[in-house]
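Asker: As a plain string of letters, each chain reads:
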Amino acid sequence: MDKNIKQNNTEDILLSVKNLTVQYTAGGSVIHAVNDVSFDLKKGTTLGLVGETGAGKTTIARAIMRVLPDPPARIMGGEIFLDGEDLLKISEKEMRKIRGNKISMIFQDPMTALNPIFTIGNQIEEVIKLHNEHLSRREIVQKAVEILEMVGIVRDRYHEYPHQFSGGMKQRVIIAMALACNPSLLLADEPTTALDVTIQAQVLDMMTRLKEQYRTSMIMITHDMGIVAEVCDSVAVVYAGEIVEIADKEELFDHPVHPYTVGLFDCIPDIHRKTDMLYTIPGSPPDPSDLPEGCHFSPRCKYASDLCRSRGIPMKEVRPGHFCRCLHCDERLEMVPSRSQICQDDPDTADQERGKNGCDC
Amino acid sequence: MAAIVEVKHLKKYFPTARGLLHAVDDVSFSIEQGRTMGIVGESGCGKSTLGRVIVHLLDSTDGQIIFEGRDITHVKGRELKKVREDMQIIFQDPFSSLNPRMTIRQTISEPLRLSGRFRASEIYDETQKVMETVGIPERLADAYPHELDGGRRQRVGIGRALALNPRFVVCDEPVSALDVSIQAQILNLIKELQRDHGVAFMFITHDLSVVKHISHDICVMYLGQLVETSPSDELFEKPLHPYSKALLSAIPSTDIHHRRERILLKGEVVSPINPSPGCRFALRCPYACERCQEAQILEEIRPNHFAACCRVREINQMEE
Chain A
196 MDKNIKQNNT EDILLSVKNL TVQYTAGGSV IHAVNDVSFD LKKGTTLGLV
246 GETGAGKTTI ARAIMRVLPD PPARIMGGEI FLDGEDLLKI SEKEMRKIRG
296 NKISMIFQDP MTALNPIFTI GNQIEEVIKL HNEHLSRREI VQKAVEILEM
346 VGIVRDRYHE YPHQFSGGMK QRVIIAMALA CNPSLLLADE PTTALDVTIQ
396 AQVLDMMTRL KEQYRTSMIM ITHDMGIVAE VCDSVAVVYA GEIVEIADKE
446 ELFDHPVHPY TVGLFDCIPD IHRKTDMLYT IPGSPPDPSD LPEGCHFSPR
496 CKYASDLCRS RGIPMKEVRP GHFCRCLHCD ERLEMVPSRS QICQDDPDTA
546 DQERGKNGCD C
Chain B
1374 MAAIVEVKHL KKYFPTARGL LHAVDDVSFS IEQGRTMGIV GESGCGKSTL
1424 GRVIVHLLDS TDGQIIFEGR DITHVKGREL KKVREDMQII FQDPFSSLNP
1474 RMTIRQTISE PLRLSGRFRA SEIYDETQKV METVGIPERL ADAYPHELDG
1524 GRRQRVGIGR ALALNPRFVV CDEPVSALDV SIQAQILNLI KELQRDHGVA
1574 FMFITHDLSV VKHISHDICV MYLGQLVETS PSDELFEKPL HPYSKALLSA
1624 IPSTDIHHRR ERILLKGEVV SPINPSPGCR FALRCPYACE RCQEAQILEE
1674 IRPNHFAACC RVREINQMEE
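Just so you know, the sequences run in chain order A and B. Just so we're on the same page, the working numbering is the position in the first sequence counted from 1, plus 195. Just so we're on the same page, the working numbering is the position in the second sequence counted from 1, plus 1373.
A couple of the hints might just be wrong.
Straight line, CA to CA, 30 angstroms or less: simulated DSS-like cross-link-like pairs of lysine-lysine [claimed, not checked]:
hint, chain 1, residue 1, chain 2, residue 2
1, A, K406, B, K1639
2, A, K406, B, K1618
3, B, K1449, A, K469
4, A, K338, B, K1639
5, B, K1611, B, K1381
6, B, K1618, A, K469
7, A, K297, A, K406
8, B, K1639, B, K1384
9, A, K497, B, K1502
10, A, K469, B, K1611
11, B, K1618, A, K444
12, B, K1381, B, K1455
By construction, these hints were calculated from the structure, which means they are not laboratory data.
Bound conformation, chain A alone (with noise of 0.2 angstroms):
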């Protein structure tokens, strides 16, 4: 059956989810948290999943580390091909070969992803005991205390607590362990969402360097359209359990065309753009347990006539490389012709300094 599979896969890509289906019970009710998402990872290359809370995006890279609670999470079907080896059918013995191996994941949250009974140099040690029976106790230090070093922590606090180390610091840690066996994918969920501005600059330097130095695969869950520009090659974003745009980053931050996706460019304060007002996405996202029909982004969407909440929305292909759920995206594709276009042609950011700012976004 691997076969067959592999004759799917282009030789570039590694990770490939295919109509990927996830949902919750919870007290009687079904949470639709993730709906038929497909995507593709090219080797080498870091993909963005952008969205909001609830989104869907944590419960996606869960799914591909198979680390979902089941119960109450379920996948109702769908593949998910690493190196064309399909992770939803194999057993849990072999997936756990691959976890820390081949995928390894960080999480947001560094203050509880570390065990505070244990040292960093413990921890660290762990991993690589692991996966590597082979080494011998003293080529474990050693490699523990290189993996320190190469997240810029000196090898006198290998034997600290983590509560003696700062946020930054336990979160590089956390990448430290999570390259330790050198992964072929890195998930990375919102992995500088709880550190300030200046220790995730410092942060997400560093995991850009390091990902070009081991050639990983990443994918980066965020909800920072900035952070996205900074170290993704492709982006996706996810509403309501589905993706409903795909393309490049460039491609994408150039020509956005569904409706939520130029609202969530709009609605972000530009440090480099006078508004007055804020472009604003009326209503908030939908509950999932009870998902409106048709079109998810419809209640919310100025666009949005009755074919749209009438039936599901396929993916399409806008321009070559950029998918895009909607109805109205050819239509919408000629009206927003690039980004600066629509700052200019949005009446709800029409303010009286823009005549004299421009709009340079």
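Once you have looked at the hints, place chain B on chain A.
Answerer: Below, chain B alone, put in the same frame as chain A:
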């Protein structure tokens, strides 16, 4: 223009087992009627403490707080209650700052009731007006906080703070717990309220793009001290202090075509317990020299633009 709030040499120290924690150390600034002062800084720099000391949720250690020309540093009891009608605070976390056992109507009407300004029959109508101002639909009046999403809860928090038409409101990270699409709604609401009611805001945040959008003036704080104060636009165009420069350059920008040079700071924020008298940023500063061992004072480098750095002229000359 008349300053509505003026803070002079304000200090707040917390006693800890290891010594005095200098949370706010000799901070002076003033906020004018109908304007917004943004306070930015990283976690632990004392910006929330500063806000809480000003609205008297914490007592100050030393210094003066002047509100509408009157020294209110030491007001207590009934007088403090009177002052609080004009001076309010909006908290960061809309999930824990509302009483879960009170309906939205009860929460918003409580300050109206306590002020004694209104008759019982008027309170209902007043509450209705407040809810309309902050955009909470009437059908939610009898809902409890857990039935509302984050954005609506924050609207209730804002409504409660603005119920008595205060002239000054401290906003302590009011949007950092919210998603971006909701954040924009709340920021617009705050701007509208300022335009319609002339409220002065002190807006505490760590998010620099938010602060630029909302503030007229900005104070940059580092470890309990102000390192730079400036009109908002000028700070973003031409930051003077090395810390402000690094802070601004660290914001991830959505502009993918014009990559800016990033100033990466080495190290992390040091402890605010018993700090040395010199520049507290010196340990991470790329320009640190011997003179940084001495205390730094805020100096007016350009009109209305102050910075506390002994090499500020040299550094900025150098880069021009």
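Asker: Run the structure past the numbered hints and jot down the numbers of the failing ones, going up.
Answerer: The structure conflicts with hint 3 only, although it agrees with all the remaining ones.
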